[in-house]
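Participant: Read top to bottom, the protein sequences are chains A and B.
Taking our numbering, the leading residue of the first sequence gets 1, the next gets one more, and so forth.
Taking our numbering, the leading residue of the second sequence gets 132, the next gets one more, and so forth.
Please keep in mind that the hints were generated in silico from the structure rather than gathered at the bench.
We put the CB at the ideal spot given by N, CA and C, even for glycine.
Do not rely on the hints blindly, as some may be mistaken.
Chain A regions said to be covered by chain B (calculated; three or more residues, Cβ under 8 Å) [unchecked claim]:
1. 20-32
2. 55-65
3. 98-112
Some chain A residues well away from chain B (every beta-carbon gap over 10 Å; in silico) [what the hints assert, rightly or not]:
4. I5
5. T14
6. T42
7. A45
8. V68
9. A91
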Amino acid sequence: MNILIALATGALFTGGLYMMMRRSLVRVLVGILLLGNAINLTIFAAGRLVAFTPPIIAPGQSRPPDGVADPLTQALILTAIVISFGITAFAVALVRQTYSQTGTDDLDLLRCTDVPCPPEPDWEEPQEGNS
Amino acid sequence: MNLAVMAPILLPLTSAILALAAWRAPGLQRWAAVAGTFLQFGAALALLNRVNQSGIQTFQVGSWPAPFGITLAVDLFGAIMLAVSGLVGLSVALYALNGIDDERVAYGFYPLFHILLMGVNGAFATGDLFNLYVWFEVMLMASFVLMALGGTRAQLEGSVKYVVLNLLASSLFLSATGLLYGLTGTLNLAQLALVLPETQPHGLTLALSMLYLVAFGIKAAIFPLFFWLPASYHTPPVAVTALFSGLLTKVGAYAMLRVFTLIFRTDPIFTNTLFLVLAGLTMVTGVLGAAAQWDFRRLLSFHIISQIGYLVMGLGLASQAALAGAIYFMVHVILAKTALFLIAGIVERLRGSFDLHQLGGLYRSQPWLALGFALPALALAGLPPFSGFFAKLMLVRAGLEAGQYIIVFTALGVSLLTLFSMSKVWGEVFWKPAAMEPAAVADRGGVPVWMILPTALLVVGGLLLGLFAEPAIQWSHQAAFQLLHPDLYIQAVLGGLP
Chain A
1 MNILIALATG ALFTGGLYMM MRRSLVRVLV GILLLGNAIN LTIFAAGRLV AFTPPIIAPG
61 QSRPPDGVAD PLTQALILTA IVISFGITAF AVALVRQTYS QTGTDDLDLL RCTDVPCPPE
121 PDWEEPQEGN S
Chain B
132 MNLAVMAPIL LPLTSAILAL AAWRAPGLQR WAAVAGTFLQ FGAALALLNR VNQSGIQTFQ
192 VGSWPAPFGI TLAVDLFGAI MLAVSGLVGL SVALYALNGI DDERVAYGFY PLFHILLMGV
252 NGAFATGDLF NLYVWFEVML MASFVLMALG GTRAQLEGSV KYVVLNLLAS SLFLSATGLL
312 YGLTGTLNLA QLALVLPETQ PHGLTLALSM LYLVAFGIKA AIFPLFFWLP ASYHTPPVAV
372 TALFSGLLTK VGAYAMLRVF TLIFRTDPIF TNTLFLVLAG LTMVTGVLGA AAQWDFRRLL
432 SFHIISQIGY LVMGLGLASQ AALAGAIYFM VHVILAKTAL FLIAGIVERL RGSFDLHQLG
492 GLYRSQPWLA LGFALPALAL AGLPPFSGFF AKLMLVRAGL EAGQYIIVFT ALGVSLLTLF
552 SMSKVWGEVF WKPAAMEPAA VADRGGVPVW MILPTALLVV GGLLLGLFAE PAIQWSHQAA
612 FQLLHPDLYI QAVLGGLP
């Protein structure tokens, strides 16, 4: 089980980082998603992987039985999932908006921040800053 | 119950909720933001006073005792940062009265602004590593939207780069935090400070600390990791850029100072050397990048990077004098940098451009603005008697005491280049004859008083920091003393626990 989780985490990390280095914005987005899941699995494994022993303190005891999985890591993952859910929603919207504004999802063509922008498409007046 | 610690977090949260409730009343949102940030600044000052008088203040959220619940702990360094963040928040709220258009307000500028401040303050106040991650995310999420709000092409492209690289940093931060928990079984900073030096093997701790270095390094924009900053910071309106430049990278630097003085103290020779190398490279690349720029905001953005190098230098020298220098420098650079960005915004308001080639002649028509630019610019370059001089003096002296001559010479050389860069801006924007037709200038009208007031506030604040350097340096030394004695922090958080 441990080896399987380790392999899956490694594969997710590799895939995520590889996708983040692609030129296409959508692939970068997929990369972020994979990376997020890889990290969740890492934290999950950090709290030990134990089946069939619930972390419940028996009546009269002051601590859970030995060898239980740490429930706190699972709570941490829950927080991380919620955060990554929000961020993914924003990132999807951002990628879509960027595509509709620029007409491309190739990161190599998104150089407007370094060199002068190509002329805007004429249906949209450029709104620059607060002037 | 110690609500003073919670106030800098609760006040922006309340303001954000009120701003959401007043969604259809932009005017109300604008003034509520001024009132909210004013209260927040006041609360931060009260907290600073309290920390100064009775030591590190803690708050156990939900009254769970220390290592089990979430702890908020504010030492002198944290309190100083909270006060400065309150001042920057107040200035930007005032500036935004005219500096942010109605459309952006209608699409939720103010709720995001408050939430960003809440994230920043939370990061300064927290005493728990996972909680720090959550505050980082709160701050980032608000900054993502603030950066993209407006939806111009440059903004969207800048946001893509900003979002992707910052998400990578957050991912590294989160995985390092998960692994650290697996290694030690705690995420409370005070308990980590107790447990981690004894945790075997040291190599694993070192590897984790390097993960944190990369994660915070991306946020703070240090040497090989800064590329997102000049690609994105010049795209949103100036009020937003000023807020980001004042606070966001500094939160990264704060987090580095915090974790590397409190919990990762196991291999100081290796990490401190690494910090010094990174500091030198950060300073040099930042200032050289700035020298090549002809856009006012991009030039200032590169200077943000260069200045972060000085903070990392203080961390790398790691003596009390050096850390005090870094803390004083942090306050100085936040005030100077935010003021300079606000002035860039006023120049744009007057002349309609950020391009140094097209600007000029402002000294003749706006002598006070020219003076307002010169003071923080000279402070940034480190000329006496301004705040930057004392900050750099402290760092250089600490470097000489430690015998680190290379970084000292780098720091001094970079100061010279900063002076060159600032005099370039001075010459192009204020001194040379106006490049534009006078007719194009005339119809722009005057500068609203609400843009001048916050800028003057920051300029005068920076000036006072230089003129009253003696007490300010003493405070920095006290804060550095607390950083170098983690047992004070541990004692304040964990109390009588072993």
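Participant: Evaluate each hint against the coordinates.
Facilitator: So, going through the hints one by one against the coordinates:
1. 20-32: n = 4 at 8 Å, threshold three: holds.
2. 55-65: Since three or more residues must qualify, the claim that chain B covers the region 55-65 of chain A is violated, with 0 doing so at under 8 Å.
3. 98-112: That given contact holds, which follows from 7 residues of the region 98-112 of chain A lying within Cβ reach (below 8 Å) of chain B.
4. I5: holds, 13 Å
5. T14: holds, 14 Å
6. T42: violated, 5 Å
7. A45: violated, 7 Å
8. V68: It holds; V68 of chain A is separated from chain B by about 13 Å at its closest Cβ, greater than 10 Å.
9. A91: At about 6 Å from chain B, A91 of chain A fails to clear the 10 Å cut-off, so the statement is violated.
In summary, the numbered hints that this structure violates are 2, 6, 7, 9.
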